[in-house]
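Engineer: One-letter residues, chain by chain:
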Amino acid sequence: MKLSEIASIIGAEFSGEDLDITGMNALKDATTTDISFVANSKYIKDIQETNAGAIIVDASVVEHVPPSCVALVVDSAYWSMAELTKYFAPLVEDDSLPEAVVGEGSRVSSKAELANGARIGKNCTIMAHVYVGSNAQIGDNTILYPSVTVYRDCTIGSDCIIHANTAIGSDGFGFATNKLGEHKKIYQNGNVVIEDDVEIGSNVSVDRAVFGSTLIKKGVRIDNLVQVGHNCEIGEYSVMVSQSGIAGSSKIGRNVVLGGQTAIAGHLEVAPFTTFAARSGVTKSIKESGLTFSGFPLMQHKQWLKLQAKLAKLIK
Amino acid sequence: MKLSEIASIIGAEFSGEDLDITGMNALKDATTTDISFVANSKYIKDIQETNAGAIIVDASVVEHVPPSCVALVVDSAYWSMAELTKYFAPLVEDDSLPEAVVGEGSRVSSKAELANGARIGKNCTIMAHVYVGSNAQIGDNTILYPSVTVYRDCTIGSDCIIHANTAIGSDGFGFATNKLGEHKKIYQNGNVVIEDDVEIGSNVSVDRAVFGSTLIKKGVRIDNLVQVGHNCEIGEYSVMVSQSGIAGSSKIGRNVVLGGQTAIAGHLEVAPFTTFAARSGVTKSIKESGLTFSGFPLMQHKQWLKLQAKLAKLIK
Amino acid sequence: MKLSEIASIIGAEFSGEDLDITGMNALKDATTTDISFVANSKYIKDIQETNAGAIIVDASVVEHVPPSCVALVVDSAYWSMAELTKYFAPLVEDDSLPEAVVGEGSRVSSKAELANGARIGKNCTIMAHVYVGSNAQIGDNTILYPSVTVYRDCTIGSDCIIHANTAIGSDGFGFATNKLGEHKKIYQNGNVVIEDDVEIGSNVSVDRAVFGSTLIKKGVRIDNLVQVGHNCEIGEYSVMVSQSGIAGSSKIGRNVVLGGQTAIAGHLEVAPFTTFAARSGVTKSIKESGLTFSGFPLMQHKQWLKLQAKLAKLIK
Numbered sequence: 281m282k283l284s285e286i287a288s289i290i291g292a293e294f295s296g297e298d299l300d301i302t303g304m305n306a307l308k309d310a311t312t313t314d315i316s317f318v319a320n321s322k323y324i325k326d327i328q329e330t331n332a333g334a335i336i337v338d339a340s341v342v343e344h345v346p347p348s349c350v351a352l353v354v355d356s357a358y359w360s361m362a363e364l365t366k367y368f369a370p371l372v373e374d375d376s377l378p379e380a381v382v383g384e385g386s387r388v389s390s391k392a393e394l395a396n397g398a399r400i401g402k403n404c405t406i407m408a409h410v411y412v413g414s415n416a417q418i419g420d421n422t423i424l425y426p427s428v429t430v431y432r433d434c435t436i437g438s439d440c441i442i443h444a445n446t447a448i449g450s451d452g453f454g455f456a457t458n459k460l461g462e463h464k465k466i467y468q469n470g471n472v473v474i475e476d477d478v479e480i481g482s483n484v485s486v487d488r489a490v491f492g493s494t495l496i497k498k499g500v501r502i503d504n505l506v507q508v509g510h511n512c513e514i515g516e517y518s519v520m521v522s523q524s525g526i527a528g529s530s531k532i533g534r535n536v537v538l539g540g541q542t543a544i545a546g547h548l549e550v551a552p553f554t555t556f557a558a559r560s561g562v563t564k565s566i567k568e569s570g571l572t573f574s575g576f577p578l579m580q581h582k583q584w585l586k587l588q589a590k591l592a593k594l595i596k
Numbered sequence: 281m282k283l284s285e286i287a288s289i290i291g292a293e294f295s296g297e298d299l300d301i302t303g304m305n306a307l308k309d310a311t312t313t314d315i316s317f318v319a320n321s322k323y324i325k326d327i328q329e330t331n332a333g334a335i336i337v338d339a340s341v342v343e344h345v346p347p348s349c350v351a352l353v354v355d356s357a358y359w360s361m362a363e364l365t366k367y368f369a370p371l372v373e374d375d376s377l378p379e380a381v382v383g384e385g386s387r388v389s390s391k392a393e394l395a396n397g398a399r400i401g402k403n404c405t406i407m408a409h410v411y412v413g414s415n416a417q418i419g420d421n422t423i424l425y426p427s428v429t430v431y432r433d434c435t436i437g438s439d440c441i442i443h444a445n446t447a448i449g450s451d452g453f454g455f456a457t458n459k460l461g462e463h464k465k466i467y468q469n470g471n472v473v474i475e476d477d478v479e480i481g482s483n484v485s486v487d488r489a490v491f492g493s494t495l496i497k498k499g500v501r502i503d504n505l506v507q508v509g510h511n512c513e514i515g516e517y518s519v520m521v522s523q524s525g526i527a528g529s530s531k532i533g534r535n536v537v538l539g540g541q542t543a544i545a546g547h548l549e550v551a552p553f554t555t556f557a558a559r560s561g562v563t564k565s566i567k568e569s570g571l572t573f574s575g576f577p578l579m580q581h582k583q584w585l586k587l588q589a590k591l592a593k594l595i596k
Numbered sequence: 281m282k283l284s285e286i287a288s289i290i291g292a293e294f295s296g297e298d299l300d301i302t303g304m305n306a307l308k309d310a311t312t313t314d315i316s317f318v319a320n321s322k323y324i325k326d327i328q329e330t331n332a333g334a335i336i337v338d339a340s341v342v343e344h345v346p347p348s349c350v351a352l353v354v355d356s357a358y359w360s361m362a363e364l365t366k367y368f369a370p371l372v373e374d375d376s377l378p379e380a381v382v383g384e385g386s387r388v389s390s391k392a393e394l395a396n397g398a399r400i401g402k403n404c405t406i407m408a409h410v411y412v413g414s415n416a417q418i419g420d421n422t423i424l425y426p427s428v429t430v431y432r433d434c435t436i437g438s439d440c441i442i443h444a445n446t447a448i449g450s451d452g453f454g455f456a457t458n459k460l461g462e463h464k465k466i467y468q469n470g471n472v473v474i475e476d477d478v479e480i481g482s483n484v485s486v487d488r489a490v491f492g493s494t495l496i497k498k499g500v501r502i503d504n505l506v507q508v509g510h511n512c513e514i515g516e517y518s519v520m521v522s523q524s525g526i527a528g529s530s531k532i533g534r535n536v537v538l539g540g541q542t543a544i545a546g547h548l549e550v551a552p553f554t555t556f557a558a559r560s561g562v563t564k565s566i567k568e569s570g571l572t573f574s575g576f577p578l579m580q581h582k583q584w585l586k587l588q589a590k591l592a593k594l595i596k
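Protein chains in written order, with this note's numbering: chain A, 281 to 596; chain B, 281 to 596; chain C, 281 to 596.
Because identical chains cannot be distinguished in the list, a pair is counted as satisfied if it fits within a single copy or across any two copies.
Below are the DSS-like pairs computed for lysine-lysine, each with C-alpha atoms no more than 30 Å apart in a straight line:
no., residue 1, residue 2
1, LYS582, LYS322
2, LYS498, LYS459
3, LYS596, LYS564
4, LYS590, LYS567
5, LYS596, LYS586
6, LYS308, LYS282
7, LYS596, LYS567
8, LYS531, LYS308
9, LYS366, LYS402
10, LYS459, LYS582
11, LYS366, LYS465
12, LYS564, LYS582
13, LYS366, LYS498
14, LYS402, LYS465
15, LYS567, LYS464
These are computed hints drawn from the structure, not numbers from a lab.
Throw the hints in and build the complete structure from the sequences for me.
Structural biologist: Below, the structure is given as structure tokens:
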């Protein structure tokens, strides 16, 4: 899309070269044909480093944009970014792609639906009422149980098991809100990448990334009714027990354990080999490895036990 | 159904005119051809106002029933009401209705199922393994992702997006229990109404009303794995984050935010522009607008922060 | 399978009779043609009572194995047991079984899938996109709403209602973990048994047992988005409100009520007629019947109210 068209869509002032823009991306991941945005002053420092060809900014930020990058100035960069994501959203299904390809030895139910552009590896079992979207890719020996939905562009590795009624790649929970309290959808144009040897339970939701990928690494075990927000990264062999959830953009190291009903807020990092007892509420990053936490607010498990002893005394 | 037949089904004493009864409804919504019930003494005051043609009551309540309304006297009005709902329940699917109608420009997967009487608007995308029930109605430009189930009689507006494996219109959790601890189902003969520009995530459950409608108003945003109980009303542009839930008959004003894993009990009202931090537990109505709450039991967020500071001291 | 083959798979030392082993089972349920295991020293006392033909043990346990039982000695009995479960896992679908049988008066959607060996009773309603697996059995008058998945070998009684997108019989969350933090799946070769007159909401997960059955007894009511772990037993007429969950192997008596978002840890027992208020966290068995509990850590409800009053004072 021409930069001039983009400017017209979002009602931006625009001067400079009329670039061809092929995508939207975060500041740090953008290339010269991408457009990016700054909607929060804490990201101003990252503007100098970006390779983005153009950038959507509020008037207050425009002075920080280097000459190498065309600035589109708007009232609300976040709202305009949301507006624009719609124009970069791929079709829900792309019939122009070639028919789905299925590897040798795979068993695909006649009641499954493989969209054009889907690719299934060897010796897979794709059961009834499964949906695999355009450009989605499944490795070898993987089982998709009935009514699993794999949205377009998502990839699942080899030797994986996904249980019934689980959704891989539903849209992340993203929208801009204006002063009237109205919302505008941020189209989630990224995907989900699930590596090899991952097992995911039934009725799980793994959201696709807004840009880039939600990543579930090798050997992860996810129980039933778990939520994985957009752009999360779950480290190797980590374990999420039933009804736990991780909000957007958090990164969990390897062999982390989330007890049942545990919740991790967005944009955090959790060190490897951390254990969260059931129903922990995590709102800060964990930097030291190998510790065990409990409670909400979160504290080390031994502190939590101490607190409960104090409270028990309080009642007497 | 003749009132005499109803009396016979529930084993009620019956004298007076043998009316034709066409439905069951709550006291305040009932019309002259409806039958209603009083199962809780706190609703006795509403009997005078009702337009119901007949009413199921315990012996202790019969004196409050006005002469305009025929009283059916039973041992347990709640149990008898439950018994009777079965006889007013529509067929799960109604083949006698005309074939489903699909508007111009809509794309319906050959692997979707549209029951007789379903109506799909223009330019919709109805993906594989979707089910749209009898008399259910979908507006224009709406996307139903794979394995979405829309039960009969529910309506979804225009410009909505419903993500994979979500159930719209499953039965509310209603039953009567007798002294032996046995349960009798209260058939949920109402529906769900979702207005325009609503987005709902994957693996969400929105229950149909027992009578009347569960209502999700314009612009609402619901994340994954959320529960909306029967007869709830969610105000315009309100936001429910993942794994939150609302029990039956609660009314939430506009632009209310429920943080992740927040729960709201039944029969409450929440003022507009209220924010609940993650994992709030709401057991009382909120009357003042614009405040932020946390915790369980719920308190204003600043109080909660104060409490946590006190508890932190307690451990030292 | 010959015991010598098993020994070879798990790399065990083996001497004694080369038995024919037809299954794997827990110590107390194993018969003479089963192999069992001891992975936890607290089960050593049960070894004397077992009828298992063979038993997988660590070197430290071998001295407790009676002469009637062949011991296979390995480095990690739990890991070896996990390894072996794969060899006893039935096919995901078994085409060699006879075609599904449907009872008189049942209505089965042409878009439902009944695997070979499935049996549906009389007057059932099996809606679009339902899956009923090999050897699964449904009683009479039962309704399976769209996109319900019933895994192979599970049984559902008569007069049951299962709402949309619910999974019955997905794998329990079982795996062994070695010193490198890698996981090995424990195949869940048991099933789920649901008795008569049970209603289950939408987006519910009921996991199959590792050996034996997960059991949901007569008259139980389960709301939406509920988790039932493997090998649980839910007593007659018990009630699980939305977003509650029970971890593996817990046994709940009759007429127990779990309030919304309540969680019960694994391997516990709960006395009949116990009530848990919303969001209770249960980590110990409840032995006395008829009490009401709240909170996490759990306490009697009146204690919890007292604690909240004390905490409210603390803030002032």
